[in-house]
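Chain B: place on chain A using the hints.
There are 2 protein chains.
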Amino acid sequence: MKKILLFVFLFSFSTVGLAKPIEHPCLFISKRGASEIRQNLDHLPLLRKSFLETKKMVDAALKHPIEVPPPGEAGSYSHERHKQNYREMRAAALLFRITGQEKYARFIRRMLLKYARMYPTLGPSPYAHNQAPGKIFHQMLNETVWLVNTVQAYDCIYDWLTPEDRALFEKNIFIPMAQWFTVKNAREFNRIHNHGTWSVAAVGMLGLVIGNDNYVQEALYGTKKDGNGGFLKQLDLLFSPDGYYMEGPYYIRYALRPFFLFAEALQRSKPQLKIFAYRDSILKKAYYAAIETTFPDGVFPPINDASRTMNVEAVGVVIANDIAYYRYACNKELLGVAKMQGRVILNDCGLAVAKDFGDGGKIDIPRWKSIEFRDGSDGKQGGLGILRTGKGADQTMLLMKYGVHGKGHGHFDELHFILYDHGNMVVPDYGFARWINIEPKFGGRYLPENKTYAKQTIAHNTVTVDQTSQNKANSKEADKVSGERHFFDASNPQVQVMSARANHCYPGVKMQRTMFLIADSSLSYPFVVDLYRLTSETQHTYDYALHYLGQFITTNWKYVAHDSAQFPLGKQYGYQHLWNEAEGSGNEPFQFTYLYGGRYYSFLTAAQPQAQVFFTRIGAHDPNFNLRDEPAVILRVRKKDCLFASVIEPHGYFNEAQESSENPYPSFKTVKIIGSNPQGSVIEITAKSGKRWRIMVTNQKADARKQHRLKFGGKEFTWVGNFKVVTLSK
Amino acid sequence: MKKILLFVFLFSFSTVGLAKPIEHPCLFISKRGASEIRQNLDHLPLLRKSFLETKKMVDAALKHPIEVPPPGEAGSYSHERHKQNYREMRAAALLFRITGQEKYARFIRRMLLKYARMYPTLGPSPYAHNQAPGKIFHQMLNETVWLVNTVQAYDCIYDWLTPEDRALFEKNIFIPMAQWFTVKNAREFNRIHNHGTWSVAAVGMLGLVIGNDNYVQEALYGTKKDGNGGFLKQLDLLFSPDGYYMEGPYYIRYALRPFFLFAEALQRSKPQLKIFAYRDSILKKAYYAAIETTFPDGVFPPINDASRTMNVEAVGVVIANDIAYYRYACNKELLGVAKMQGRVILNDCGLAVAKDFGDGGKIDIPRWKSIEFRDGSDGKQGGLGILRTGKGADQTMLLMKYGVHGKGHGHFDELHFILYDHGNMVVPDYGFARWINIEPKFGGRYLPENKTYAKQTIAHNTVTVDQTSQNKANSKEADKVSGERHFFDASNPQVQVMSARANHCYPGVKMQRTMFLIADSSLSYPFVVDLYRLTSETQHTYDYALHYLGQFITTNWKYVAHDSAQFPLGKQYGYQHLWNEAEGSGNEPFQFTYLYGGRYYSFLTAAQPQAQVFFTRIGAHDPNFNLRDEPAVILRVRKKDCLFASVIEPHGYFNEAQESSENPYPSFKTVKIIGSNPQGSVIEITAKSGKRWRIMVTNQKADARKQHRLKFGGKEFTWVGNFKVVTLSK
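If you're matching them up, the sequences are chains A and B in order.
Read in order, the letters of the first sequence are residues 1 to 730 in my numbering.
Read in order, the letters of the second sequence are residues 731 to 1460 in my numbering.
With the rest of the complex left out, here is chain A (with noise of 0.2 Å):
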């Protein structure tokens, strides 16, 4: 079936050729468009704001000096300046065709002179550390974002220059920059990775605007055009059919940039290709299953290497929403995107949105739904679920990962969740190890730590078994297994559920983890309840962590405080980075409360015999401080077969300016197991008000239908289907 796509494809393309005389500019705004952008200027709100904006930034680089300093390390002056430089280029361009005015061009033009003088002069970064070298930048991806951009501004300018300019500036800049992309770097060009994108995307613009369709069909298909590299490959494995792309949100969110803006130029100049209905409209699902998991605020959950902050504001997600919206059905939850942006991209499509968003008053942001995306190209490497509830920017997010391992980006984490409620991440992931951008931390590159711990799976809300880190930490090994999906049900508003295994990360253990979101009309907010199953034959010590943020408050248990000598907890795996500050040990559940950003969050977990627990800071190992020093709590129990089952509750508030404080301690009482076995696990929760829950899942394969019968104590439990709650009194 592929196959015979790429065959229509190649075939389709080929007859159709590069044979009509190109009509500059052809990637991204169009002569026409620019003309509507102009008339429509004074009467669309937002499409004049995201105007002004550009026109700010690029008058006010008309009035300093061009810069073109020789080539420097990650994050440096040249380095910041030359990312400017194609961002005013690219931003001087749309002016020039919105406006007319020719100090724009003059400006683009003026600065390619100066690459025109340097580049040739340049040979590969010596500030590259194990990764494919740029000439301008210390790696080829900077590069390639340098001509995504800078051809988007020769394409606005291309006829207005002399022939002489344009021959000078092929010659010098954009023919070598594309053969050092396509030839002394082919491995990096064909990977199927954003890398590869961002070069496929550069190349493949290139060709388009200076009419070379080797460059077209190479970012097509490939260097060698057999289809196993470049850009429908891309799209045919690096998104899952549900849209969602294997390395997460935070890559996607700048993945989407070179994914849209090929795509949008491929559809002007060669609309015959329907890129964007390629594999049944792929783009349109990555787009969606991008946004569709950002947090109430927009920002992206940091699963992977990925920052805490990053959100939908970010110039990729712009371009792509208003792409997107253009090309696909127009709808509407798009609109409540671009409320969030507060700008719109300057060609035909952020017109279109523009128009229909008018002053914004009736525009809704967007509050998505519960939603469960399968991972893997085939869909079958497990996926990533979101359970959702609450309304506006108060909603609480459940994130559970349970997909493919993400290459070279990806964290040993399977089975790891996030929790945000109350504008917070409350139970964090702790993002990447890198200070982005800022040169006196290694060049704003990844940090050592971010191998050492950020990917480590303790450093996740999910077990670590024998204190050693999923797959032995190692990216090839994981990338071959993932996690697999066992149902998840948000049907019913107030009892969300999410199940999945994890079976292939540690030999010999089975690991099954069902988390439920339940909104109760009892209680002052949703609360979750986590079943974390594991299985073995042999013993292993299993390690349930917990991260969070803000100030220790209660715990239920003794424990020593490791208060006038502190030593890590272990030696490898991301456990020689974290402090023992406290541990204790307990027979009964253990129970502990936390205050973040204004409320209360408490954790009760049934009782484990002989079980550990441990009081953790980041910071050990860390000579450079690169680290964020946060806490979190760790359960250890030593077993073969292990019910980890918990309930985590906000609750109360705190206020410190008005001195108030309300409800500091927990609903709830007891978590209790009856029982687990390969059929299923049932446990009880009982609130202090005396409400109980029974809560039943089936550890066999999902069936909503199946019928269970289980006996624990004498006592039997019935009930239909994958999982059920049952509330017992009051």
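It is worth saying that the hints were derived from the structure and are not from the lab.
Take these hints with a grain of salt, some might be off.
As the list claims (entries may be wrong) - Calculated lysine to aspartate or glutamate pairs in the DMTMM-like style (CA-CA distance at most 25 Å, straight line):
hint: 1; chain 1: A; residue 1: 56; chain 2: A; residue 2: 73
hint: 2; chain 1: B; residue 1: 1418; chain 2: A; residue 2: 73
hint: 3; chain 1: A; residue 1: 558; chain 2: B; residue 2: 1359
hint: 4; chain 1: A; residue 1: 669; chain 2: B; residue 2: 803
hint: 5; chain 1: A; residue 1: 83; chain 2: B; residue 2: 1386
hint: 6; chain 1: B; residue 1: 793; chain 2: A; residue 2: 520
hint: 7; chain 1: A; residue 1: 114; chain 2: B; residue 2: 1386
hint: 8; chain 1: A; residue 1: 184; chain 2: A; residue 2: 170
hint: 9; chain 1: A; residue 1: 49; chain 2: A; residue 2: 36
hint: 10; chain 1: B; residue 1: 1301; chain 2: A; residue 2: 583
hint: 11; chain 1: A; residue 1: 56; chain 2: B; residue 2: 1359
hint: 12; chain 1: A; residue 1: 369; chain 2: A; residue 2: 313
hint: 13; chain 1: B; residue 1: 1181; chain 2: A; residue 2: 280
hint: 14; chain 1: B; residue 1: 786; chain 2: A; residue 2: 394
It should be emphasised that the depicted structure is a prediction, and the values quoted were computed from it without experimental measurement.
Frame of chain A, contents of chain B only:
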């Protein structure tokens, strides 16, 4: 003079007596005032908003059963319930007067009936800890607050109640409560302290309402009526002639309420006392001195025992603001404060503010100027200096404390400073060690760590000598001494300076600190120059501490990170709470950069022979996780005479979400001590741009006209006055 004043007061008071019949309400609102408010509700937005908020709160209370629970622990439900009860009674009382609706009066009556039933059954609270106990509350303080509020409610419904009701309430609640304060706890009542002020306000206001002259006299002159206790003595002694409150801004925010409420009540019942004119209008000065210490965001600087978030929206500040506006010159700046507060009080004073406020469109948020407050009731016990530069919320503020210790809530922190910049305390004060009103945290009381850490010298941005706190952390000793003003000059907005001394904190060690806030057009942000001079006949260890928030970025010194085992920095005086995360030593200038709130901050200090540096983090010997884990840098030298000459500089920009960073490196290259002797100190600082500043400061008695002529290294330095800053080049 003071005696004569007192005599005049006693005389004028006794001749007028309490002869004429009392028209209720008489304390806070009058019948006429209530009627005017009613008439203005519809067209004064701020009044209307305040009224509706009050109404919303009380109407909600009316829907629930009245609860008067048995007394409980500090911060417990009972504690909070009784606090809410008095808030609701007072608010309902104002609504009754404004709307005439009897449901509000009935609500108060029903609640008082419950108190009348319970109160006689109560003995001293068993929950008191080294505090004068209350009966309803664990400490008498809360009970006096209860009475201050409740007596206002009683005042408003006095006429409406039957004589039987009144007799019951006075017999069962008010009279025994007043007896509890004035007889059983006369010492607390007579204290020249905010507890005393609450006590006298409560009893005095009760006296005014029920016509008990004896209570009023006890309130004004102490239980012995000799003027050694009571309201007037408090007005004499608790404020400096500039109105600065000896306990500091956080506590004056709290004490403003009884001061202004009682004064307002006296003004209404005894206008002949001219209480608002007392001691050259000390209450006006007190209020201005309070709000003029605030950071640009309206938060009070947390010097002494204080939270970090208390701000001008606090109820006491709203009360004082409106009363001060009405009773003094209707200063427009107070309308700006009302804008920050977003509400007014529901009496004539609030009405006056609301009238002049209008819709607020033309009202500016006040921007305070640089100011120095003399401390001590005689104004001769040092002071508090505040330098400000910049506009609006982005104002930079530098505060230095060199006044009195501040009694029970004082910290051992002479010559301590706080730097506020870009909306944050960037060189912060820890504030108190207290999770206020969080019951699981020691009932929300002051924690043991408040004494062992937060009060100690090393917890502050000053120099700790021989790893021992000032006055050996003995409050009584510290209360005997104070800092000394040296000079303060904010006349040149480009170069502002304050200098002070503390010669009685450490036997045989004299200290002088001079701090500049310099706004130079060659730099993006104002910078601080700090000259901390210590002199002694004998060798001492001088620990210069700089507390910070945020992330360690870089330092220029090599250091050893204690990253596989961590120990406290010392054994006592707060050092036992600091983990020694890393240490280094050097003979070069020491430079350190951190990142906070999207801006970089760099500290650079002149070379000292064999200096050591410690990078610390709070958390050692804190078994209950009561402290926040904040970092500090401590520079240690061992010397007789020592000058720490440093620059602190904000620079650059980081926005993680936008992945952009600028200027992560400081502008300054060197700080060099040219010389320092008993006559003066001369230093030079050099920016990387080449620009140099020579800074000269007198170490002699301040004299704005004195000629100075110093020789260091064969070179002569001359200037006139207390200081001189010269730009040398570029």
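Holds or violated: residue 1418 of chain B with residue 73 of chain A, Cα cutoff 25 Å? Measuring from Cα to Cα gives roughly 20 Å; hence the hint holds.
Would the pair residue 786 of chain B and residue 394 of chain A pass a check requiring their Cα atoms to be no farther apart than 25 Å? holds (23 Å)
Would you check the hint for residue 49 of chain A and residue 36 of chain A, treating anything up to 25 Å between C-alpha atoms as holding? holds (16 Å)
Is residue 369 of chain A close enough to residue 313 of chain A, meaning Cα to Cα at most 25 Å? holds (20 Å)
Quickly compare the C-alpha distance for residue 56 of chain A and residue 73 of chain A to 25 Å and report which way the hint goes. The hint is violated at about 29 Å.
Straight-line Cα separation of residue 114 of chain A and residue 1386 of chain B no greater than 25 Å? violated (31 Å)
Between the alpha carbons of residue 669 of chain A and residue 803 of chain B, is the straight-line distance 25 Å or under? Judged against 25 Å, a Cα distance of about 22 Å means the pair holds.
Decide if the proposed pair is consistent with the structure: residue 184 of chain A and residue 170 of chain A, CA atoms, cutoff 25 Å inclusive. holds (18 Å)
Satisfaction of hint between residue 1386 of chain B and residue 83 of chain A, Cα-Cα up to 25 Å: holds (16 Å)
Need the status of pair residue 793 of chain B, residue 520 of chain A: alpha-carbon distance at most 25 Å? holds (23 Å)
Given hint residue 1359 of chain B paired with residue 558 of chain A - CA-CA distance at most 25 Å: holds (22 Å)
With a cut-off of 25 Å on the C-alpha distance, tell me whether residue 1301 of chain B and residue 583 of chain A pass. Roughly 23 Å between the alpha carbons, so the hint for residue 1301 of chain B and residue 583 of chain A holds.
Checked against the numbered hints above, the structure breaks hints 1, 7, 11, 13 and satisfies the rest.
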